[in-house]
Amino acid sequence: MNMATLYQIRDDGSREERWQISNKPVVVGRSGQAQVSIGDDGVSRRHFLIVRNGEDYVIKDLNSRNGTWVEGRRVVAEKLRHNDCILAGRTQFVFADPPVVSVSAAQPQTGPCGTQIVMAS
Numbered sequence: 017m018n019m020a021t022l023y024q025i026r027d028d029g030s031r032e033e034r035w036q037i038s039n040k041p042v043v044v045g046r047s048g049q050a051q052v053s054i055g056d057d058g059v060s061r062r063h064f065l066i067v068r069n070g071e072d073y074v075i076k077d078l079n080s081r082n083g084t085w086v087e088g089r090r091v092v093a094e095k096l097r098h099n100d101c102i103l104a105g106r107t108q109f110v111f112a113d114p115p116v117v118s119v120s121a122a123q124p125q126t127g128p129c130g131t132q133i134v135m136a137s
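Position in the sequence shown counted from 1, then plus 16, gives you my numbering.
There may be inaccurate statements among the hints.
[Claimed, not checked] The calculated label-pair distances, taken between Cβ atoms and stated as ranges, are: (1) Asn69 <-> Asp28: 30 to 36 Å; (2) Gln49 <-> His98: 27 to 33 Å; (3) Gly70 <-> Asp28: 19 to 25 Å; (4) Arg26 <-> Glu71: 28 to 34 Å; (5) Gly29 <-> Gly70: 29 to 35 Å; (6) Gln51 <-> Pro114: 17 to 23 Å; (7) Pro114 <-> Ser47: 18 to 24 Å; (8) Ser30 <-> His98: 15 to 21 Å; (9) Gly48 <-> Glu71: 29 to 35 Å; (10) Arg106 <-> Glu71: 29 to 35 Å; (11) Asn79 <-> Ser30: 30 to 36 Å; (12) Lys76 <-> Thr21: 15 to 21 Å; (13) Asn39 <-> Gly88: 24 to 30 Å.
[What the hints assert, rightly or not] Below, computed lysine-lysine pairings styled on BS3-like, alpha-carbon distance capped at 27 Å: (14) Lys76 <-> Lys95; (15) Lys95 <-> Lys40; (16) Lys76 <-> Lys40.
Don't read these hints as lab results, they were simulated from the structure.
A virtual CB, placed ideally from N, CA and C, is assigned to each residue, including glycine.
Please build the complete structure, drawing on both the sequences and the hints.
Structure, rendered in structure tokens:
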């Protein structure tokens, strides 16, 4: 199963912490009840939610007082894309959803005399 990852980013741009996101919704907030608990006074107790919708992941603001920002835009609900930057309070995150690599793409098939078979997309 393809899982996405949410990274918390430090002020210097390095990754501080990470959480795997699968089929279960993930709540991010200041509360200890949130799956991703953040110690930032600018983050609401239940700030935003990331939920899987088919093959996509969607971020939903949970009526946070400071809003949820994706790529500099305030959002209520939006499909996330690989490497999207998310801002909640003063805490920055990066969403990573690497594409699924099929076995045939990872290991090219060979034909007679060592020729490689390329599958049309």
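Against the structure, the hints come out as follows:
| no. | hint | result |
| --- | --- | --- |
| 1 | Asn69 <-> Asp28: 30 to 36 Å | 33 Å, holds |
| 2 | Gln49 <-> His98: 27 to 33 Å | 29 Å, holds |
| 3 | Gly70 <-> Asp28: 19 to 25 Å | 36 Å, violated |
| 4 | Arg26 <-> Glu71: 28 to 34 Å | 30 Å, holds |
| 5 | Gly29 <-> Gly70: 29 to 35 Å | 32 Å, holds |
| 6 | Gln51 <-> Pro114: 17 to 23 Å | 21 Å, holds |
| 7 | Pro114 <-> Ser47: 18 to 24 Å | 29 Å, violated |
| 8 | Ser30 <-> His98: 15 to 21 Å | 19 Å, holds |
| 9 | Gly48 <-> Glu71: 29 to 35 Å | 32 Å, holds |
| 10 | Arg106 <-> Glu71: 29 to 35 Å | 32 Å, holds |
| 11 | Asn79 <-> Ser30: 30 to 36 Å | 31 Å, holds |
| 12 | Lys76 <-> Thr21: 15 to 21 Å | 18 Å, holds |
| 13 | Asn39 <-> Gly88: 24 to 30 Å | 29 Å, holds |
| 14 | Lys76 <-> Lys95 | 9 Å, holds |
| 15 | Lys95 <-> Lys40 | 16 Å, holds |
| 16 | Lys76 <-> Lys40 | 14 Å, holds |
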